[in-house]
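The chain contents come next:
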Amino acid sequence: MSFTGVGVGLRRPHLEAVAALSASPVPFWEFAPENVIGQGGRKARLTREILQRDPVLTHGLSLSIGGPDDWDPEQIRDLKAFLRELEAPWHSEHLCWTSLGGATTHELLPVPFTKEGVARCVARSRELQDRLELPFLLENISWYAELGEPEMDERAFLTEVLEGADVGWLLDINNLYVNSVNHGFDAKAWLTGMPLHRVAQMHIAGHDWFEEDRLIIDTHGAPVIDPVVELMQWVLPRIQEATGKAVPVLLERDNAIPELEELLAERARLQVAYDAALADSEVAG
Amino acid sequence: MSRLDNLQRSMFDLMVAPDAAPFLADPQGWGQARGLETADQGALAARATRLAVYRDLVQFALTDPVEDCFPITQALLEAEGAWKGCLAAFLDSRTVQSPYYRDVAPAFLAWLVDSGWGAERWPYLLPLAHWEHLELELLRHPDGPPAEGLTPEPAPDATLVAEVTLRNLTYPCHVQEAGVEDPIPPDGPSHLLAWRDREGSFRSLELSPTASALLARWMAGDPLGPAAEALGVDRGEALRLGRDLYAKGALAGFRSA
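Here the protein sequences come in this chain order: A and B.
The first sequence runs 26 to 310 under the numbering used here.
The second sequence runs 10 to 266 under the numbering used here.
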């Protein structure tokens, strides 16, 4: 199965409505395996029905790639079995750390931009890809502050991890936009020269401005704004040129989740932008 | 400890610290006390405000599911001005260890049990929190294997097969009568049966002490009729209870002798 177009993150408030449909209303869903592994009951049953009926990509939240803690073998075993059952084409995670000393924060914390940080992320990504026996993608996160004195910038850090681990890139275009505003750089310049040939999937989402902190927080709690859509359109043909594919884009919404119809309308708007970007590219080509 | 480990440990300390003020007052000293290199101490100082944003995000991530699951416990402790202190002690304990976000609320309950926090001052706190958590626990409980060879009709010599989520509970207070408006449960023992029904909804039923004892025998595998007789319960009345519980989805069925 090939994944393309604009999909939507499958969320609990929509399970009843989605399961009641006779067919998928989207090209694909994205789903966090952590939200169903080991669970029973109605929500889990509905989720499994949808996952069996519709095309699905998976995206993890808790593997703490940049953290020091060993993985629980049971967690990896269950994840691997789940991905295999789903026939997932790949699995993605965030380039961050979440846990330390056995305790977890359930937040995506920034890995120091250091050689040691690169080495840990490379080693653990390689190990995970081997253990899951599946292509593995890493997502660039929104980060609000560097942890410690950096030895390199984010571009170099991300590139060294992706290349060193030989894994794919889940390019989160909203995270890039958020970082570009919070840290004051040009997103398109940032993308130029990056390993776009490794991009296998993209994320897009909304965010919120917090005046008190003078900061955009990556809340996934608002509609996608036009500059982020425009950035997606700018990079899509460049990725297609680098990979030979129209990579799938996933709309994320995790807070202030609207009714399904509203979310599907936003997806449709993004699909038009997606198609236009790639059509323009074909004309130009 | 490597530089990377040290940086992450320092950040983790900040994430779960009861108060960000000591860090914000002297971020360099915070790093120095944790053995950070001089350059990293300076980096903490230069980005202290933004690093503190992470603390807010972590604290929200770890307390939001607790507040969702325990609104009555929250109301009880807020009325006493103790809720924030309770959450701070919980976070400081670092007991959220599961990679699954759904396990944050159970971790809070387990922490209340293990630490005994507030138990002396509010003896009804733990029963109340347990009852509040039960709905979430049962709604997400793993499904049991399909039961085979069962009948929906109870017979005196049959045994009961409960739904995998059925819980026969006795609390020292009437937890089911507490609410956000009036969060203190009335004193006195309360016998409650709780389960997830066949549609996946949470159900509960208040039982008499005798009915609770009968259920306990049935769930331990005693045949329906003899268990009723042992407790002095009319056999017909007992079978009606079995039939009613099956109809409500608390039981998978009955296994003939």
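Incorrect hints may have been included.
If you want the footprint, here are the derived chain B segments under chain A, 3+ residues with CB under 8 Å [unchecked claim]:
| # | stretch |
| --- | --- |
| 1 | 99-107 |
| 2 | 133-141 |
| 3 | 186-196 |
| 4 | 200-213 |
| 5 | 218-230 |
| 6 | 233-246 |
Note that these hints are calculated values from the structure, not bench results.
Nothing here was measured: the structure is a model prediction, and the numbers come from that model.
Glycine included, every Cβ here is placed at the ideal spot set by N, Cα and C.
Hint check results:
Here the stretch 99-107 of chain B counts 5 residues with a CB under 8 Å from a CB of chain A, which clears the bar of 3, and the coverage holds. A stretch counts as covered by a chain when three or more of its residues have a beta carbon under 8 Å from one of that chain; for the stretch 133-141 of chain B and chain A the count is 0, and the coverage is violated. With a threshold of 8 Å between beta carbons, the proposed coverage of the stretch 186-196 of chain B by chain A is violated, since 0 of its residues qualify and at least three are required. Coverage of the stretch 200-213 of chain B by chain A holds in this model, with 4 residues showing a Cβ closer than 8 Å to a Cβ of that chain against a need of three.
Given as covered by chain A, the stretch 218-230 of chain B fails the check, having 0 residues with a CB less than 8 Å from a CB of that chain where 3 are the minimum. Using a Cβ-Cβ cut-off of 8 Å, 0 residues of the stretch 233-246 of chain B lie near chain A, which falls short of the minimum of three, so the contact claim is violated.
Comparing the model with each numbered hint stated earlier shows that hints 2, 3, 5, 6 do not hold.
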